[in-house]
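Asks: So you can see what is in the structure, the chains are spelled out below.
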Amino acid sequence: MSARAPGATLVSPIERGSRRSRIGIWIVIGLGLVWTLVPLLWMLLSSFKNTTDVTSATPQLLFTPTLDNYVGLFTGANNLTPYIVHSVLAAGISAILSVVIGAPAGYGLARTRMRGKHHLSFWIISTRMAPIAAIVLPLFLMFRGLGLIDTLAGLILAYMTFNLPFAIWLMSAFFAELPLALEESARVEGCTRWQAFWHVVLPLTKSGLVTTFVLCLVFAWNDYAFALVFSGPNSQTLPIAANQLVTQAGIDWGQLTAIGTFVVVPMMLAGLAVRRWLVTGLTLGAVTGE
Amino acid sequence: MSTLTEKPVAEQTGTPAPVPRKRRFGFEAKMLAPGILLLAALSIVPFLTMIVMSLSQVRLLGGLELDFAGATNWIRLFTDPDLAWNWVRTGVFFALTLGLEMLLGLTFALCMWRLLRGRNLVLSLFLLPMFVAPAIVGLLGRFLTDSTFGLYAWVLRGLGYGGDILGGPVSAFVAVVLMDVWEWTPLIALITLAGLSSVPLAVREAAAIDGATGWQSLRHIVLPSISNVLLVALLIRSMDAIRYFDIIWVTTNGGPADATKIVPVRLYETAFRFFDLGYAAAIGLVMLAVSIALARGFVRLLDKKGTTR
Numbered sequence: 001m002s003a004r005a006p007g008a009t010l011v012s013p014i015e016r017g018s019r020r021s022r023i024g025i026w027i028v029i030g031l032g033l034v035w036t037l038v039p040l041l042w043m044l045l046s047s048f049k050n051t052t053d054v055t056s057a058t059p060q061l062l063f064t065p066t067l068d069n070y071v072g073l074f075t076g077a078n079n080l081t082p083y084i085v086h087s088v089l090a091a092g093i094s095a096i097l098s099v100v101i102g103a104p105a106g107y108g109l110a111r112t113r114m115r116g117k118h119h120l121s122f123w124i125i126s127t128r129m130a131p132i133a134a135i136v137l138p139l140f141l142m143f144r145g146l147g148l149i150d151t152l153a154g155l156i157l158a159y160m161t162f163n164l165p166f167a168i169w170l171m172s173a174f175f176a177e178l179p180l181a182l183e184e185s186a187r188v189e190g191c192t193r194w195q196a197f198w199h200v201v202l203p204l205t206k207s208g209l210v211t212t213f214v215l216c217l218v219f220a221w222n223d224y225a226f227a228l229v230f231s232g233p234n235s236q237t238l239p240i241a242a243n244q245l246v247t248q249a250g251i252d253w254g255q256l257t258a259i260g261t262f263v264v265v266p267m268m269l270a271g272l273a274v275r276r277w278l279v280t281g282l283t284l285g286a287v288t289g290e
Numbered sequence: 001m002s003t004l005t006e007k008p009v010a011e012q013t014g015t016p017a018p019v020p021r022k023r024r025f026g027f028e029a030k031m032l033a034p035g036i037l038l039l040a041a042l043s044i045v046p047f048l049t050m051i052v053m054s055l056s057q058v059r060l061l062g063g064l065e066l067d068f069a070g071a072t073n074w075i076r077l078f079t080d081p082d083l084a085w086n087w088v089r090t091g092v093f094f095a096l097t098l099g100l101e102m103l104l105g106l107t108f109a110l111c112m113w114r115l116l117r118g119r120n121l122v123l124s125l126f127l128l129p130m131f132v133a134p135a136i137v138g139l140l141g142r143f144l145t146d147s148t149f150g151l152y153a154w155v156l157r158g159l160g161y162g163g164d165i166l167g168g169p170v171s172a173f174v175a176v177v178l179m180d181v182w183e184w185t186p187l188i189a190l191i192t193l194a195g196l197s198s199v200p201l202a203v204r205e206a207a208a209i210d211g212a213t214g215w216q217s218l219r220h221i222v223l224p225s226i227s228n229v230l231l232v233a234l235l236i237r238s239m240d241a242i243r244y245f246d247i248i249w250v251t252t253n254g255g256p257a258d259a260t261k262i263v264p265v266r267l268y269e270t271a272f273r274f275f276d277l278g279y280a281a282a283i284g285l286v287m288l289a290v291s292i293a294l295a296r297g298f299v300r301l302l303d304k305k306g307t308t309r
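Chains as they are written, first to last, in full-length UniProt numbering: chain F, 1 to 290; chain W, 1 to 309.
Everything labelled a hint here was simulated from the structure, so no lab data went into it. One or more hints might be untrue.
In silico DSSO-like links for lysine-lysine, alpha-carbon gap of 27 Å or less [stated by the list, open to error]:
# : chain 1 : residue 1 : chain 2 : residue 2
1 : W       : 30        : F       : 206
2 : F       : 206       : F       : 117
3 : W       : 30        : F       : 117
Just so you know, these numbers come straight off a predicted model, no measurement behind them.
Use the sequences and the hints to build the structure in full.
Replies: Listed below in structure tokens is the structure:
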């Protein structure tokens, strides 16, 4: 994969442009940032407001910050702790499994010369692109039969339907970038193919493994549709907890923005940590950034 | 899938392996097997289940029961005017979100591309919405458009629009479109920016020396050379847009008056609110066909670029 960050391009005189066009560019970027950031900042601010400030008819910019909303999440009738545990376990285990099963499979896909490879890779990608609403339906019947409704195992398995094909395809994009010669020289040195994979290939795709893990984590953590159908009191996740605040009598927007912040911030940090490989990841290797 | 397990993997041409392998299953096939088997269990079985379901009357009360119903669900599918409207709405939603996302994404990418300082910071800030759970985007949207204390509702009142945003059919539709645009424009910008960074500087310099204006250079050099990347971005987003569900479910639930009821919402409601699972399966199979057609486009594009593995 190409390592050059988008910011590292060479500067030439034609890049500079006129003063006027530079001001214009900053105006567009400023507007873009306002559009992008205002909802997030408003969520963050509101999570530190008391109820009267949150539901004030005129937006309150000056207020006395309070941690009540966050405290309320853990002391109220609906304690958030089990939801956090469910989210961490379901998203984390599904992301780990996706990488552990997906990386070897991605390697196999990248290196195999078997006939019908095209059909195989198309089938893999088509399972990833299948509409969630359509997948939920037969899984619901299957899970009911297997007793997997309202279990973390069921939720993890459900997340694998989108994370596994994603991991296979993405890892194969990372493996395809590695020159074959590296493995061959390892084999000449006497490595078995597995040893060559384990000791030579995998360490070289660390960034790919981390990116795959993080993106799978984000997809599973953010899921709402699957959790809505498959989870119950023993397996509900954070997005469900957030939406439950809505269906109770009235909406506690202060707590809701606090949950929102809680759900969103870890994924933003994780996502930004792999930003360099995001393009490769989110286009499944179709665009490598160079 | 039978080809995978029955045919030995062909020896690689050109680079003879040090030890000739006589095993029936190649190393690659062994590496692939666990993933493929799990994926098959998670996709082929549900797929077959769905076909059976679409031909049945599914009962859930008192244990699961499938009564063969022939083509009833399918006949209903093709004669259901509501469903036709759901598809029309899906089409409009699809065109509006993708159009806006492509336009805004390209604009921001071009601007960020010209930034000499602070590009990484701007890009990072700009990417943040992508990591927000869609359910939270929906809830945040409800918060911001609430008619009594919503920030955006307040701004719109100042501009002379006082209606309940999620309560009116048109404004609700526009609102859910904009929520999706808010979340996913950054992805288009990110992909486009990566494409722009790969346009060779020399070509643009040559054009500048030949007297091309900024606009001409953009129109005739930059845009053509990133057209493939833009197409990838478009396809990636369209495959997600066709599955779009969470935000609408959380904000409007398909309403008001079905104004935001696109096909995935209709499918969900048919299945899990009315428990008409057989009919829902038929709707789902059609959606599946549409999304597979889109995936075909994506893979074909990869093929053309010679990057399919």
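Asks: All the hints need checking, so say for each whether the structure fits it.
Replies: Structure-based check of all given hints:
1. For the hint linking residue 30(W) to residue 206(F), the alpha-carbon distance of about 22 Å falls within 27 Å, and the restraint holds.
2. Pair hint residue 206(F) plus residue 117(F) holds up; C-alpha atoms about 25 Å apart against a cutoff of 27 Å.
3. Between the alpha carbons of residue 30(W) and residue 117(F) the distance comes to roughly 15 Å, so the proposed pair stays at or under 27 Å and holds.
Comparing the model with each earlier hint shows no violations; every hint is respected.
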